[in-house]
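Engineer: Quick note, the sequences are listed as chains A and B, same order. Going by this note's numbering, the first sequence opens with residue 10, and the numbers climb by one from there. Going by this note's numbering, the second sequence opens with residue 2, and the numbers climb by one from there.
Worth flagging that the hints you see were computed from the coordinates, not collected in a lab. Virtual Cβ for every residue (Gly too), placed ideally from N, Cα, C. Hints are not guaranteed to be accurate.
What the hints assert, rightly or not - Result set (SDA-like, lysine to any residue): computed pairs, CA atoms no more than 20 Å apart in a straight line:
1. B:Lys65 <-> A:His16
2. B:Lys129 <-> A:Leu85
3. A:Lys157 <-> B:Ile62
4. A:Lys157 <-> B:Thr60
5. B:Lys129 <-> A:Leu17
6. B:Lys129 <-> A:Pro82
7. B:Lys129 <-> A:Asp83
8. A:Lys81 <-> B:Lys129
9. A:Lys19 <-> B:Gly49
10. A:Lys19 <-> B:Met103
11. B:Lys129 <-> A:Phe134
12. A:Lys19 <-> A:Phe164
13. B:Lys65 <-> A:Leu85
14. B:Lys129 <-> A:Val84
15. A:Lys157 <-> B:Met103
16. B:Lys65 <-> A:Phe164
17. B:Lys65 <-> A:Asp86
18. B:Lys129 <-> A:Gly136
19. B:Lys65 <-> A:Lys81
To be verified - A short list of chain B residues far from chain A (calculated; beta carbon distances all over 12 Å):
20. Phe34
21. Ala41
22. Lys74
23. Arg99
24. Leu117
25. His122
26. His135
Stated by the list, open to error - Selected chain A positions facing chain B (in silico; Cβ < 10 Å):
27. Leu37
28. Phe40
29. Phe42
30. Asn43
31. Pro45
32. Ile126
33. Val127
34. Gly136
35. Pro153
36. Phe155
37. Pro165
38. Met167
Letter by letter, the chains look like this.
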Amino acid sequence: MTTQTQHLQKVDHNALKANQLTIIALNLLAFIFNLPFLAAIVAVVMGLGSLLKVPGFLPLYRYFYKPAGLLKPDVLDDNPEPHRFAQFLGFIFMTGGSVSLYLGASPLGWGLVWLVIVLAALNAFGGFCVGCAVYYWLARLNVPGFSKTPPAGFFPGMKPKARA
Amino acid sequence: MFNSDVLIRAAIALAIILGSLGIYLLYNWTLQFRTRSLFADLDPKRTGAFTLVYFTTPTCILCKTVQRPAIQKLSQMLGNALQVVEIDAAERPELADRWGVMSVPTTFLFDPSGRLRHVNHGVTRAEKLLIQIHGGK
Chain A
10 MTTQTQHLQK VDHNALKANQ LTIIALNLLA FIFNLPFLAA IVAVVMGLGS
60 LLKVPGFLPL YRYFYKPAGL LKPDVLDDNP EPHRFAQFLG FIFMTGGSVS
110 LYLGASPLGW GLVWLVIVLA ALNAFGGFCV GCAVYYWLAR LNVPGFSKTP
160 PAGFFPGMKP KARA
Chain B
2 MFNSDVLIRA AIALAIILGS LGIYLLYNWT LQFRTRSLFA DLDPKRTGAF
52 TLVYFTTPTC ILCKTVQRPA IQKLSQMLGN ALQVVEIDAA ERPELADRWG
102 VMSVPTTFLF DPSGRLRHVN HGVTRAEKLL IQIHGGK
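Let the sequences and hints guide you as you build the complete structure.
Structural biologist: Right, here's the structure in full:
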């Protein structure tokens, strides 16, 4: 159980959710219609998001989900770094999956794509971010570059509830 | 329209989604079943009242600043219709483990018949607890 206090930032969890929902939807379409290029596009967008330190599909949240009233900002006190790391992990899996698909290793490729779908769904619907949990474990092991601790009172990776 | 390959893939996707949903429902059902038997061990109990089992720790800042005032507000509003059982998870880690508590604050809301109504992982405001007591989500 974690109870440490630290300086938290404002994180819009619905921007993250929009990212996850889009990743799930596009990956499902890619699998159902057997479109490896769509999975590759998801990988590229996640990679760009990791590079720019924002959710890859943030423009969709700004210009579609929010104006359409599908999602409203849900700003919580949280660490943004673990979420960036989670997206980066997703990018690695998606890249691995896309490369496998283009090399003809379909079971491995689609397996990795499904892994991303399941992890994104767990985050979007269950409020548990596996990538964030991995980040916090690495921080606990004093791995360089991983310095943040979970918000006080929350299991590593669980969505915080305190509104900013 | 759609070839059989697409239909097979759609069926696989649906099976995985339904399977995941099934696992989630099974987990919730297990939690309900487990806490029902654990609830019977709680003492003291007031009959005819809702029970809020509240897990906290002495070092949990959010518990002190947000969750406890919310529960106090709720207690004042409901009077004898609500009993609060506060458990220090740091003092009784075995109890927190048995209840499946992974973070504090966590609150379990039981109706007067001892049936688990809601599990709240994290801070839950008085308004939300009140809605849960009145039968909402």
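Engineer: Against each hint, give a clear statement of whether it holds in the structure.
Structural biologist: Hints and how they fare:
no.	hint	result
1	B:Lys65 <-> A:His16	18 Å, holds
2	B:Lys129 <-> A:Leu85	17 Å, holds
3	A:Lys157 <-> B:Ile62	17 Å, holds
4	A:Lys157 <-> B:Thr60	18 Å, holds
5	B:Lys129 <-> A:Leu17	24 Å, violated
6	B:Lys129 <-> A:Pro82	19 Å, holds
7	B:Lys129 <-> A:Asp83	16 Å, holds
8	A:Lys81 <-> B:Lys129	19 Å, holds
9	A:Lys19 <-> B:Gly49	42 Å, violated
10	A:Lys19 <-> B:Met103	24 Å, violated
11	B:Lys129 <-> A:Phe134	19 Å, holds
12	A:Lys19 <-> A:Phe164	19 Å, holds
13	B:Lys65 <-> A:Leu85	18 Å, holds
14	B:Lys129 <-> A:Val84	18 Å, holds
15	A:Lys157 <-> B:Met103	19 Å, holds
16	B:Lys65 <-> A:Phe164	18 Å, holds
17	B:Lys65 <-> A:Asp86	17 Å, holds
18	B:Lys129 <-> A:Gly136	18 Å, holds
19	B:Lys65 <-> A:Lys81	29 Å, violated
20	Phe34	20 Å, holds
21	Ala41	25 Å, holds
22	Lys74	17 Å, holds
23	Arg99	14 Å, holds
24	Leu117	18 Å, holds
25	His122	6 Å, violated
26	His135	20 Å, holds
27	Leu37	6 Å, holds
28	Phe40	6 Å, holds
29	Phe42	6 Å, holds
30	Asn43	7 Å, holds
31	Pro45	13 Å, violated
32	Ile126	8 Å, holds
33	Val127	7 Å, holds
34	Gly136	8 Å, holds
35	Pro153	27 Å, violated
36	Phe155	20 Å, violated
37	Pro165	9 Å, holds
38	Met167	6 Å, holds
In summary, the numbered hints that this structure violates are 5, 9, 10, 19, 25, 31, 35, 36.
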